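Chains A and B, in that order, give the protein sequences.
For the first sequence, counting from 1, position 38 maps to 267 in this note's numbering; every step adds exactly one.
For the second sequence, counting from 1, position 24 maps to 924 in this note's numbering; every step adds exactly one.
None of these hints come from the bench; they were simulated from the model.
Be careful, since some hints might not be right.
Beta-carbon label-pair distances, calculated as ranges [as the list claims (entries may be wrong)]:
1) A/M270 / B/A913: 28 to 34 Å
2) A/G292 / B/S1010: 21 to 27 Å
3) A/T300 / B/L951: 26 to 32 Å
These numbers come from a predicted model, not from an experiment.
Think of the CB as a built atom: it goes at the ideal place given N, C-alpha and C, for glycine as much as any other residue.
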Amino acid sequence: NAGVTQTPKFQVLKTGQSMTLQCAQDMNHEYMSWYRQDPGMGLRLIHYSVGAGITDQGEVPNGYNVSRSTTEDFPLRLLSAAPSQTSVYFCASSGGASGANVLTFGAGSRLTVL
Amino acid sequence: DAKTTQPTSMDCAEGRAANLPCNHSTISGNEYVYWYRQIHSQGPQYIIHGLKNNETNEMASLIITEDRKSSTLILPHATLRDTAVYYCIVRPGSGAGSYQLTFGKGTKLSVIP
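Okay, chain A solo, but in the shape it has when bound (with noise of 0.2 Å):
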């Protein structure tokens, strides 16, 4: 049981490229989020899914594509990366979407965009 899987785990990008970061889990959960880490502060919601198909922004989505194909995979992508990007993004996983569902966060994966 392998939990939240993101990669990569390091990635350096410049101005205007674009890139997925991936995520996967194996616990069967419906919901998943993405989350960003800038120094010195707490995480922000990026996007989330409430299951396969269905997909909603949340705090700070300018920039952030996500698709939900399947229950076990919640990719990110960001279409055209900008300095500002720079962070480290974290997936997280739960059964449901209510709060007494445990979120499960991924290792993380550190972003810096030149």
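Since chain A is already given, all that's left is putting chain B on it; use the hints.
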């Protein structure tokens, strides 16, 4: 959402109990109190959560006051590996905001040898 107030930092001697306070004076009846910790820049690690009653698991105990306006996370025998930033989070049980965790700045706990 209710907000939380935590001390910026705390020290604890290795082997002693670490008691981390959290104030959430505007908490609503259906809001849970969650505790997570983050070691270095690793992913946040779930510790414990509760609604009204005190809770205990293999990692920690959560003591919630009767009026639910504050809580304390207790690590019974702190080790050096418990050095981390600890986040107290109030999360609605249902409805708007229930799907996310709103992280503040947390408490930096340093366990001293």
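Range hint compliance [Cβ, A/M270 to B/A913, 28 to 34 Å]: For A/M270 and B/A913 the Cβ distance comes to about 30 Å; the hint holds.
Whether the CB-CB distance between A/T300 and B/L951 falls inside 26 to 32 Å: For B/L951 against A/T300, whose Cβ atoms are near 28 Å apart, the range 26 to 32 Å holds.
Cβ distance range 21 to 27 Å for A/G292 and B/S1010, holds or violated: 36 Å, violated
Of the hints listed earlier, the one the structure fails to meet is number 2.
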